[in-house]
Amino acid sequence: MRATLYGPIIILPKSGVPFPFPKPYKDVPVVFGEWFNTDPEAIIAQALQTGGGPNVSEAYTINGLPGPLYNCSTKDTFKLKVQPGKLYLLRLINAALNDELFFSIANHTLTVVDVDAAYVKPFDTDVVLVTPGQTTNVLLLAKPDDGSPAATHLMLARPYATGRVGTYDNTTVAAILEYAPAGHIKSRPLLWPTLPVFNDTAFAANYSAKLRSLASPDYPARVPARVDRPFFFTVGLGTTPCPTYQGCNGPTNDTMFSASMNNVSFNMPTTALLKAHYDGNTAGVYTSDFPATPTEPFNYTGTPPNNTNVANGTKVVVLPYNTSVEVVLQDTSIQGAESHPLHLHGFDFFVVGQGGGNYDPSSHPAGFNLLDPVQRNTVGVPAGGWVAIRFFADNPGKVIHTPLGKTAQTDELEMGLLD
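Okay, so the sequence shown: first residue is 657 according to our numbering, each after it adds one.
Just so you know, the hints here were simulated from the structure itself, not pulled from any lab data.
Glycine residues also receive a C-beta, built at the ideal position from the N, C-alpha and C atoms.
It cannot be assumed that every hint is accurate.
Stated by the list, open to error - Simulated pairs of lysine-lysine, DSS-like, Cα-Cα distance not exceeding 25 Å:
hint: 1; residue 1: K777; residue 2: K735
hint: 2; residue 1: K670; residue 2: K742
hint: 3; residue 1: K799; residue 2: K742
hint: 4; residue 1: K737; residue 2: K799
hint: 5; residue 1: K971; residue 2: K931
hint: 6; residue 1: K799; residue 2: K679
hint: 7; residue 1: K731; residue 2: K670
hint: 8; residue 1: K679; residue 2: K777
hint: 9; residue 1: K679; residue 2: K731
hint: 10; residue 1: K777; residue 2: K799
hint: 11; residue 1: K679; residue 2: K735
hint: 12; residue 1: K777; residue 2: K670
hint: 13; residue 1: K682; residue 2: K737
hint: 14; residue 1: K742; residue 2: K679
hint: 15; residue 1: K777; residue 2: K742
hint: 16; residue 1: K735; residue 2: K799
hint: 17; residue 1: K682; residue 2: K670
hint: 18; residue 1: K742; residue 2: K931
hint: 19; residue 1: K679; residue 2: K866
hint: 20; residue 1: K682; residue 2: K777
Said to hold, decoys possible - Derived DEER-like restraints, expressed as beta-carbon distance ranges:
hint: 21; residue 1: G1011; residue 2: T706; range: 30 to 40 Å
hint: 22; residue 1: P1017; residue 2: N1051; range: 21 to 31 Å
hint: 23; residue 1: P1017; residue 2: P678; range: 38 to 48 Å
hint: 24; residue 1: D874; residue 2: P696; range: 35 to 45 Å
hint: 25; residue 1: K670; residue 2: K931; range: 33 to 43 Å
hint: 26; residue 1: A861; residue 2: A807; range: 29 to 39 Å
Can you build the whole structure from these sequences, using the hints too?
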């Protein structure tokens, strides 16, 4: 991704099955990315040495182009040419490395109809927020040809960033929405959209609250009403000693940053986890004792604890098939509160609740939405807050046929901390 190698995969409805919204005249992929002047291998090497995030990019891109707001890039601008009065489906994909992005089009309202390949109750908005790894489909109705003077409308994206200054690229990428016939851009008035400030957590929370599943007979929301296995995972950035004293350039010369859940930072095994499970030989590969709750509880969003060290290990959770699971993801302030995009491999999940501060198991579940929560595969854990997801562990992974004809199945549950 650092080398900008990515592209969209578009899955259409089955033949003869319409969209649950008006059919668009045309659909257009809009892929957000980043541009790095530095050798991507050098960026990776430096990030691995410190354990922190990679160096910030020099520019964001829309469909591979940075647009006219950066130096010497005016000609490298994506232009979306539309017909007056036509309806367009914009498929927004955030392929940027780390940053959540605000997106808006000057003088146009967007209607959100789909996120992460799941339909939602449509709602209008001037600004869309897309986390890394997420997709959002929006309807754009081009304005009618009413004889008014033609204008050039900027399409802008810039980061929603809750981390420390210097840990994200605080720049803006621009593309152009242009009505046919094109004419000469310089002779037209240039319209700019208004984007939220970079750390507008209130907008992020309000926007997320608007996302609801259709929950219709054709597109039901199969939300687990009861929970077999509840989990409470703290998510944050701690520290760990250097493998050998080599000056890691982390918080101190002999430590490095380390992302963790429940105070456990993942060690990549040399043997695939599922292969070890199927072979019945997990010794030395992983242990199935990943903690269901934090090993060291503290005030997660308050004053950081004195001890910021995290443990390292290859620990997993093994779930019986079709287990109903609830995971509450709690952001921590160990190294500063910030939003963390989380992705679940092999599953969609329902976002049943979210809020600020510390999660309270005695009061917050009463406000969970079990009727029409949004269905996703990637969610941003709010900075200084929490999010609750539910799903059925019903993806059996591989099926192994033994010599005796018996079948062994397992579920793979792999949560990835994208940042």
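Of the numbered hints stated earlier in the document, which are not met by this structure? As far as the earlier hints go, 1, 7, 9, 18 are violated by this structure, in ascending order.
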